[in-house]
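Asks: Sequence:
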Amino acid sequence: MSKLLRFIGRAAIAPVFIVGGKNALDNSEQLSGVVEQAADKLGIKELPVSSNLLVQANGVSMMGLGTALGLGIFPRLAALGLVGSLVPTTYAGHRFWEESEPEKKNTQALSFALNTAIVGGLLNIAAAPRTKHKEVSKKESRRARKAEKKAARAERKAKIESAKSSGLQKVGRTGGKLAFLTKCHSKCHSK
1 MSKLLRFIGR AAIAPVFIVG GKNALDNSEQ LSGVVEQAAD KLGIKELPVS
51 SNLLVQANGV SMMGLGTALG LGIFPRLAAL GLVGSLVPTT YAGHRFWEES
101 EPEKKNTQAL SFALNTAIVG GLLNIAAAPR TKHKEVSKKE SRRARKAEKK
151 AARAERKAKI ESAKSSGLQK VGRTGGKLAF LTKCHSKCHS K
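Residues 1 to 191 in UniProt numbering are what the sequence shown spells out, letter by letter.
If you're looking for bench data, these hints aren't it; they were derived computationally from the structure. Hints should not be assumed to be uniformly reliable.
Straight-line C-alpha distance at most 30 Å; calculated DSSO-like pairs for lysine-lysine [as the list claims (entries may be wrong)]:
#	residue 1	residue 2
1	Lys-139	Lys-150
2	Lys-45	Lys-139
3	Lys-104	Lys-45
4	Lys-45	Lys-22
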């Protein structure tokens, strides 16, 4: 995958988290009730910190990790961090199976499915091969090709010098190889 496509993909998914994190910060009091309900459903009687603080921490982490992902700063690590943030957020915020009204159930099911798809995209980013190693190996192979060409030129030059010193005369190339005539042969045929 090209660098440009990776950049576009990261830039397309990052705003979901930046905007979502800002929304969580702006509405932390409302969303803290959702966190408490989800904790009750999981059998957690008391949270280690206030639910409002959990919502705010989640919002800040989503904004920071989303920004890092969009800018390509440790993108694989940022993607994994966002998965860790999105899974509990999706579970707490989009409990479609508990909705009784069909319209609300469909809306929550769609949001749950969208978040699941985003998790899939993030896992794809997290599992992508590191590109710096490929770039280094490309540079190394380019250097190796240049070194081979330089060595081949030096070898050809050495052959020409060797041929000249032994009395041969260069007449050109034939089939990719240098052709030499002896001085004697050229003198004999010039009469």
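Asks: So, against the hints stated earlier in the document, which numbers end up violated here?
Replies: When the structure is compared with the hints, only number 2 turns out to be violated.
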